[in-house]
Each structure stands twice: as C-alpha cells, then as structure tokens.
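Quick note, the sequences are listed as chains Y and X, same order. To convert, take the position in the first sequence, counting from 1, and add 4; that gives my numbering. To convert, take the position in the second sequence, counting from 1, and add 10; that gives my numbering.
Read the hints as simulated data drawn from the structure, not as lab findings. Predicted, not measured: the structure shown is a model, and the values here were computed from it. Accuracy of the hints is not assured; some may be wrong.
[To be verified] Keeping only pairs whose Cα atoms sit at most 20 Å apart, straight-line, the calculated SDA-like set for lysine to any residue is:
1. Lys107(X) - Lys305(Y)
2. Lys338(Y) - Lys384(Y)
3. Lys128(Y) - Val23(X)
4. Lys116(X) - Lys384(Y)
5. Lys66(Y) - Ser134(X)
6. Lys128(Y) - Glu104(X)
7. Lys116(X) - Glu236(Y)
8. Lys116(X) - Lys338(Y)
9. Lys107(X) - Met173(Y)
10. Lys128(Y) - Glu122(X)
11. Lys116(X) - Lys66(Y)
[Said to hold, decoys possible] Short, incomplete list of chain Y residues facing chain X, as computed with Cβ under 7 Å:
12. Asp76
13. Leu78
14. Tyr82
15. Leu100
16. Gln101
17. Ile124
18. His125
19. Asn129
20. Ala244
21. Leu264
22. Asn267
Just so you know, even glycine gets a beta-carbon here, dropped at the ideal spot from N, CA and C.
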Amino acid sequence: MNIPVQTDSFFERFFRQNFFYFDRYPLVIKIAVLLTLIAVITILVAYSSILLRRFAAYLREKRLHAIHPHIDELLTEYVLLNEDAMMQVPVEEVRLQTEVFLSRQFRKRWQKQALIDRMIHFKKNVTGDISMLLTRVYVETGLDKFSMSKLKKMGWSSKVIGIVELTSMDMTIADVTILPLTNSRNRTLRAEARNAYIKLSKNDPFKFFDVTMEPLLMWNQLELFRTITTTEGLSIPNFARWISYSTNKSIVAFCLKLALHYNQREAIPSIIHLLNTRDHYLRADTINCLGKFMAEDAEEKLVHMYFNQPVNCQIEILKALGRIATGNHLDFLKNEFLRSTDFELRKNAAKSIIRHQALATQMIQELLSNATTENALILKHCMNPLIKY
Amino acid sequence: MTVNILIADDDEVMLQIIRSVLSRGKGFQLFIARNGKEAIQIKEKNKIDLVITDLLMPYANGFEVISAFRRDPETAGVPVVIVSSIGNEEAVIEGFKLGADDFIQKPIQVGEFMSRINRLLAKSSTNLP
C-alpha cells in the first residue's frame, strides 16, 4: 500500500523548525514576523548592493589612478613637447606619433574614455597650437568616432557625454544629428545640445530658436548666454526676428536680454510692439528691456498703459521711467509717490524721481520739506548712493 | 646657475603642463606645491626666484601665498605670476594690489606663457645687486 509522502516546502520547514507554534500564532503576529523578515532581507540586499557599487567604484578609481600618469606622460611627450610644434611648424604639418595612442593600452572602452577625459582636461588648460594639436590627436586616433557613437545610444546620459566631449574638443556635429536633440524631452540633454549647437554649428548657430518648443529655463538661459558671449567668431543675428515672430515665450524673453546685451537698438520697435502681449511676465521683461535701452519712444506708451497693469508691470514701468529720465513724466512719478497705496510702487517712484538728478532737484526739495515721516524715510533711503536695491 | 621656480596649483594636469613647458628651458629647478599652505612651507625652506601660483587652492589661496612672499623682506622682491581661470577684474586688481607682477588667464598659450616667464626672470636678474 502506498502511503502518500507529505512534502513540505522550504518555507514550511523553515517556519516549523524555527517557529514551532507559528501556525497557532494570531494573524497579527504572523504578519509582523513576515514583515520583519521582508525588512531584514531588503536591508541585506540594499547593503550588499551599496557595497558592490562602492567596490566597483574603488576598482574603477584604482584603474584610472594607474592609467592617468601614463596618459599625462604621453600627452606631454608627444603633444606638449612636440619638437615640430616647438619649432613653430604649422599645426597641420606637425608630425604626430598617434600610434602610441592606438596601442593595446587604449583598446578597451574605459581606457579610451580615460584618454578622452584627460585630453579634455589638457585642452581646458591650454590654448593655441597645443590645443589644436590635441584636437588632431583626438581625430587621428578615431576617438571622435567613439564620442560620436555615444550620440546614437538610447540613453540620454550617454548622449550628453558625447555632446560634451565633442564640444570640448571643438568638433563639428552635423545639424541633422544635433538639431533634434535641442528639442529633446530631457532637460539636461536639451540644454547641452543647445549649447553645442551654438558653439559648433557653422551655418546658422541660432537656428534652434526657430524650432525649439520646450521652454528655456533660467539656468539654461544663463548657460546659453555664457556660450554666446564667449564663443569666438560667432555671427550675431538681429534678435528682433525672434522677438517679433517666436511663439516660444522663453525664447522671446531670452532674445530681449541678448538684444540688450548687443545694444541692438534697431530691435526697439519690435520690443515696443511686444508691450501688447497678454502674458504679463513677458510684458514686465519687455518694459524692463525698454527701460535699459532708455527708449524714449516708449515713454508715452508706458505711462498710458500704467493704470491697466498688474503690480509687477507697474513697478517695471516706474523703473523704466527712471532709467529713460527725460523729465517729461516727473509729475506722474510724483503723483504715484504721493498717492499710491502700495509701498513697492512708492519706493520705485521715489527712486525714479531721484534718478532724474538735476531735472528733479527742485521737486525732491519740495517733497522732502512737505513729506510725512514715512515718505521722507523712503526718499532718504533712495537718495543714499550706497543702497542699490 | 639654476633658477628656483615654485609652482602652486591644485590641478594635477595644470601642474604637469607648466612643468613640461618649463622643462623646455634649461637651468630651472622646480618646486611643486599642491595647495597654498605647501607653497608657503616651501618658501620657508628654500630660496625661490620665481613664483607661479593659482588663485583658488585649498588651505591657503593664491592671495595668501602672494602676501606671505611680500611680507617677508627676504622674498619681497621675488616675481610672482598668477595663473588662474578667474579672470574677473576684482581678482586681477586684488592680485596686483598684493604685489603680483603678472596675471595669465587659463587656458594658457604655451609660447606666450614662456615668454612672460622669461621676461620676468630677465627683469629680476637685472634688478639683483
């Protein structure tokens, strides 16, 4: 007669051996025991993964620590101390022994990456012929293709690394490759691609302004501004083009700043036209820009629209009138200073009156003699040249 | 006659570049400091003829290195060159106020760098009694 053999699972055996009465525990205790077990296992997995990662990072550091001095030595010997370069031979004709960078030591991906990183580091510290020689080594050893291959990868971080490498080594990237990336959904990739496009595009470095749909964040604007103002030989277009026609508000706001930086006074009519925009943040930027341009043509319109504006635009209008300072609207400023209920408006009106200097001397004396304690305090605050804000 | 040059920079690559550029010239003995404090210590123990210093360094910055050289009557006349990526007006003015003799902004142009160093060395050797 066959007696059925009862087979227990591992967990049943484990619980029976360790928790003899487990089956008889109340449900709450059973759940607590299970949760404790899950928590212990999770912690063990988490700690082992942290340890493994740290160990991998340690090994990577160790390998790099060993290879960096060797790379430095090669770059020093064959590039920095290149005899032809020292003899002022033109960069294209300098004899380079690129085979040393193609040796077995630089076949693996991490070795190539270490070489590229070190070359970029060198390139950041030198300019002129040596910098151009480094680019030649980069191209002649095929490392440009290695960087370019990163642009074709799926992950955005690889693409960003590829772009940074190519930009740092002054390589050109085809518009068809880089332009779609300027509109990527990934913020970091988008920003890097835009920077690279301005730096590397030979035809129309600002073309992406036409196609970009995503907003330019403030930090990206700063980065782009730095790239635009520091890239040599960049042909600066008339930014009125985007101020008038772009549907991307952040591009328009950025172009206002650029037009101002490059003192493109021919853009003033487009900027005045932009005062009709429905977005009051953009309108405030526009008024600010007109004030900094000291656009006298805009003064009448600014005063005319003042009372229909939200406070941020009203503040910008008062500031702009102080910057333009023709003296035509001193009475308007005085009225705002005396009658406004908003403290910021009163402060900015006072500041703008004082900015008129000689034109407003008599008015300032008059205001000071008749002012309430608070108004006198505001005026004195604004008259102090050491207080800027 | 050897010329003792102190190079203070916390960037290993920059040190390597300056070292190799100066190795083109003959008769230079180089002292390397990886931070401002090390630079000041080297100054105490050795006779230095020229200082090349970065501005941003750990422990003591380039300004402190220049001040240390200028405060000591023995090293007050040693030419000091700032090599830094900080190119703003305030930093340059502060450097010159403290007594720096030249300011070279990174990235450096090797030929220009070498001629500036040679010019300073020639100038300081003619000033020697």
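* Non-conforming hints, listed in increasing numerical order -> 1, 4, 5, 6, 8, 9, 11, 13, 14, 15, 16, 17, 20, 21, 22
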